[in-house]
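Visitor: Join these two chains into a complex; the hints should help.
First to last, the protein sequences are chains A and X.
All the letters of the first sequence, read from the start, carry residue numbers 1 to 381 under the working numbering.
All the letters of the second sequence, read from the start, carry residue numbers 1 to 283 under the working numbering.
You may find that some hints are simply not true.
To be verified - DSS-like, lysine-lysine: derived pairs with alpha carbons at most 25 angstroms apart:
(1) A:174 to A:128
(2) A:188 to A:122
(3) A:203 to A:174
(4) A:151 to X:182
(5) A:122 to A:171
(6) X:49 to X:182
(7) A:171 to A:188
(8) X:182 to A:122
(9) A:171 to A:151
(10) A:313 to A:345
(11) A:171 to X:182
(12) A:128 to X:182
Said to hold, decoys possible - In silico negatives: residues of chain A with every beta carbon more than 12 angstroms from chain X:
(13) 89
(14) 105
(15) 111
(16) 145
(17) 219
(18) 262
(19) 282
(20) 300
(21) 314
(22) 338
(23) 346
(24) 355
(25) 365
Think of the hints as simulated: they come from the structure by calculation, not from any bench.
Heads up, the beta-carbon is just placed ideally off N, CA and C, and yes, glycines get one too.
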Amino acid sequence: MTTDSGAASRDSRPASTEAGRDTYVRIDRVTKKFGAFTAVRQVSLDIRRGEIFCLLGGSGCGKTTLLRMLAGFEQPTEGRLYIDGVDVTDVPPYERPVNMMFQSYALFPHMSVFENVAFGLKQDRVPKAEIRDRVAEMLALVQLQDYGARKPHQLSGGQRQRVALARALAKRPKLLLLDEPLGALDKKLRERTQFELVGIQEKLGVTFVIVTHDQEEAMVLGTRIGVMHAGEILQVGTPTDIYEYPTSRYVADFIGSVNLYEGRIVEDEPDHVRIEVPDMATTVYVDHGIAAPPTAEVAVAIRPEKIHITPYKPLEAENVVRGTIQEIAYLGDNSRYVVRLDTGKVVRVTRPNVYRHDERLAWDDSVWMHWHPSSIVVVTR
Amino acid sequence: MRKLSPLVLAMLVLGFAFLYLPILAMIVYSFNASRLVTVWDAANSPTLKWYGELFANDQILEAARLSFEIAALTATGAVVLGTLAAFALVRYGAFGGRALFTGLTTAPMVLPEVITGLSLLLLFVALESMIGWPAGRGQLTTTIAHVTFTAAYVVVVVQSRLATMDRSLEEAAMDLGARPWKVFFVVTLPIIAPAIASGWLLAFILSWDDVVIASFVSGPGSTTLPMLIFSKVRLGVSPDINALATILVLIVSTVVVGLGLLLYRRERQRQREVRAAVAADSR
Chain A
1 MTTDSGAASR
11 DSRPASTEAG
21 RDTYVRIDRV
31 TKKFGAFTAV
41 RQVSLDIRRG
51 EIFCLLGGSG
61 CGKTTLLRML
71 AGFEQPTEGR
81 LYIDGVDVTD
91 VPPYERPVNM
101 MFQSYALFPH
111 MSVFENVAFG
121 LKQDRVPKAE
131 IRDRVAEMLA
141 LVQLQDYGAR
151 KPHQLSGGQR
161 QRVALARALA
171 KRPKLLLLDE
181 PLGALDKKLR
191 ERTQFELVGI
201 QEKLGVTFVI
211 VTHDQEEAMV
221 LGTRIGVMHA
231 GEILQVGTPT
241 DIYEYPTSRY
251 VADFIGSVNL
261 YEGRIVEDEP
271 DHVRIEVPDM
281 ATTVYVDHGI
291 AAPPTAEVAV
301 AIRPEKIHIT
311 PYKPLEAENV
321 VRGTIQEIAY
331 LGDNSRYVVR
341 LDTGKVVRVT
351 RPNVYRHDER
361 LAWDDSVWMH
371 WHPSSIVVVT
381 R
Chain X
1 MRKLSPLVLA
11 MLVLGFAFLY
21 LPILAMIVYS
31 FNASRLVTVW
41 DAANSPTLKW
51 YGELFANDQI
61 LEAARLSFEI
71 AALTATGAVV
81 LGTLAAFALV
91 RYGAFGGRAL
101 FTGLTTAPMV
111 LPEVITGLSL
121 LLLFVALESM
131 IGWPAGRGQL
141 TTTIAHVTFT
151 AAYVVVVVQS
161 RLATMDRSLE
171 EAAMDLGARP
181 WKVFFVVTLP
191 IIAPAIASGW
201 LLAFILSWDD
211 VVIASFVSGP
221 GSTTLPMLIF
231 SKVRLGVSPD
241 INALATILVL
251 IVSTVVVGLG
261 LLLYRRERQR
271 QREVRAAVAA
281 DSR
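Okay, chain X solo, but in the shape it has when bound (with noise of 0.2 angstroms):
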């Protein structure tokens, strides 16, 4: 491997730094025994006694449910609108106003949140008020309104994948004598899968940590998790966010890491194979 120098040594160590201390500060704070978080009981640290005060608020454990129901909801229909979508734009060339619906359905990614959760919340009261639905705020509307914005970055990836995809593969499956919507499940998804899978997690992380949007439409009863966090923190830091804290940033690394190895290990594979059957020709 090549050897870096100090320089550049140095200003990788510096902005890791700058990007991990403060989790790692989170963490360890996360093992003191003191109510304060600011200072350090090194007496009777560390302890995991903010773990156990976490399991046992219910008000906690029911919001990480609620979040993470919201979010699997909202990355499932935002993968389906935003695949729709994506073939509209990929497949049906210049069709009238092709622009504006390009627009349309990516402006959810630049319009400000606070923007987006109060129309949305417009929207709902006028709504209930016109046809009595949706009664109230609550799951219900969160959901819906995670999904109009983050079927948007659905859209862009998916979108990316599809404009590369080689049409021949689905002229190819019709050939053969599959109809359309076989061929549509048989080779477009298979094809496309990896990204719709990315995008549907990626809908999901960004339901999952959305406070703007969910405090504009959500409503008694119905807190999620970053809602809750965010309104505790406001009376001041409590050590048992830390803990919870601590634990979604286990959950989210081994996530990550492990998909990351799995990608890079398969890629590796299929290389050396590529590699092998190219060597066949050669003989």
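Bound conformation, chain A alone (with noise of 0.2 angstroms):
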């Protein structure tokens, strides 16, 4: 779904370029139905060994029923599910090389941390020894080991959460199922813990698939990420992919934030193309050629920080358009603009602030902004 081939043969985006490479989770063509509501509609996607894939949509949209039929909770209604090229679409949650840490943490009330790391390596009948100092092990792994004889409840959020990951690791599975691990954490917290799981998957090679609703959370951790919507998967690729280069009007408003325009191709060429624009009353110059049919209703996309706002006239003399500010929010590391043009749109621009002592645009400031041909997405979706 490339809508503009010349970007993507200049970007080398593992999702095109790779595709298929040691695939270690299949999932094809999965349909998930509750009654009459679909939660996973027709859902196919490859998932390779050893990287942290991160399943990003919103409440509602099927990414923990996808997460919940990996880990074997619930049933596919069609579509067969793969692991390691074994079909597990049939097995039970007990029976697959699976572990899942849950949103909740789902931590044994009544048993010790010891006992909670313990209880999967129990269930296989591991030595009594060897479960000590593999539980001795996990819990050295995220930094708990004096705390094996607390119970849950003497624990912090945070130490929560690590015993869970400790728990669900603690059977050296391939692959870990997280169900958005760091939701439960506050913002400092966070932050910290998002590098300690990488570094954590980095170490043992586990192949991650972790479900989020959160972006930022998703770019950090995310080798790939896939987009969810309504049950199915939009875009799959890296964060850059995913940021620079969404192919909908979904994804490209979904991650970050967007100026997103209706527009019309006036000019299809294959090193560039014109797409006459009304909400901003002008024609946008694009520097690459784009896959669409030249009636496609498309629109064009621009990031606030790919957007340069002056108050003189710049040079260039294609892809300016002149405005007036309506608000500004002085946000320390940057500024953003919300300019309004005289068609009545508005543009959002985000400026970081170098220099302290910067020129400063003022409310009702005439200006004008201009961005690089290249800086446009063209979405057909």
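Guide: Right, here's the structure in full:
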């Protein structure tokens, strides 16, 4: 679904260049219905060995249902699931080579930290001495060596999260499923834990599938991201892919903030296109060809940080629009501007505050905005 | 502590007096030397003579033993049945006839005991004439009858606990390799154990002090303690009943106060530990 083939050939997108390489989990046309409601619709997805794959989407998009099907808690209505080449669709959860870390952590309240971590090993009838060693190893991994005797209620939120991780890793699964692993932590702790999680994943080489609704979390953690909406996967790619080359209006809008305008192709050449955008009262010049029929209804998307805003007229002849500053939000590291065009539409612009004594733009200032011809993303869906 | 206004204090005292004066009077009269319950024999009181007579009375001791056995068996049976029913109600979602099933399991709570007792009696009599079981009425029929009406209470208690239990605990156990039955015994049961214990105690108490249903379904030679007290009181209150009641009150209040203190202490300890743990995150 490449809409900007020019960009695709310049960009070394793993999604397009490495497809099918060392697939560990294969989700093959899986559909899940709950009564009349379709939670997951015809999803096909390959997850590679050793990667961190993030399923990203709003609530009710089907991402958790997909994860629960991988764990075995839900049966697909249609389609098959393969882990390491083995069809596991009908394998019950207690026989799958998969472990899961739950959003609520689901620590057994009547067992100590040690017993919680040892639980999975005990089910496999691992000898006692080995259980002791493995639990100690896991607790050391999450830096909770001295907490084995505690009960879950004697732990803080961050410690519980780490016990849950240690428990899920204790059986040395090849695939770990994480449901909103950092959702219950406060912001500071979350940022610190994100990197710990990546560190542990790199150390053990386990394949992670993470469900999250937090796009920042997905960008930080994921080697690849699958954006889900209404039961379908809209786009799969690296964080850069998803952010810089969204293939649909929904993805462009969902990830980060974006200015999105409907347009019409007026000039379609292999090396460039021009798109008339009535909302901006201008024709946008894009310096790469797009793979879309000339009559297609397209939209142009441009990120706020890719727009330059100046009080004077820029030298460029194209991709320049004029407007009046309507809102300013000073956030310290950057400032956000909302600029009203003569058409009545607004453009959101972000500018980093590089210098302490910067030329300040003020409310109702008349300003010019321009952007590089490569900054525009044209989406057809 | 906040100071109570005189009005509130007066109401409190009156309320407690209303509740506990009769029991207090009974306890005091259990030490009365006179055979007439309403006449205080100041010359020879207090005395323990009724307690002595009580323990020499085989009839009462036998009734107490029988009641205890029935109550313990009833509570155990009710817990098994009630827990199963609660599981069906909470876990199997909207199965066909769920509303009917809910109504039927909890109906014995609101059904007048006379009706429960009478219908069970009719059932037992009909069964005996058809298949010869249960042969006659006695301890067995009383226990069966008690299980049927106390199971409803167990259902309610266990159901509420199950409904609030985090399902992902069971999923986590399964995910870690435990088969469904193992999950039930190792994870679910320990977590709902407090509810099962209170259900057991509730069923025990309900069976222990039931007189109406037992009167219908028990037979000659299997008189429970409440039935015995009731029949004795009908012939006039005798002081040894006061002594018996005093002992029962003593046992019940010891158990209740002891359990209450234990739970209170444990909860306080738990709160302290939770506070200490939460503080660890802000380091």
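Visitor: Can you name, in rising order, the numbers of the hints this structure does not satisfy?
Guide: Violated hints: 2, 6, 7, 14 and 15; rest satisfied.
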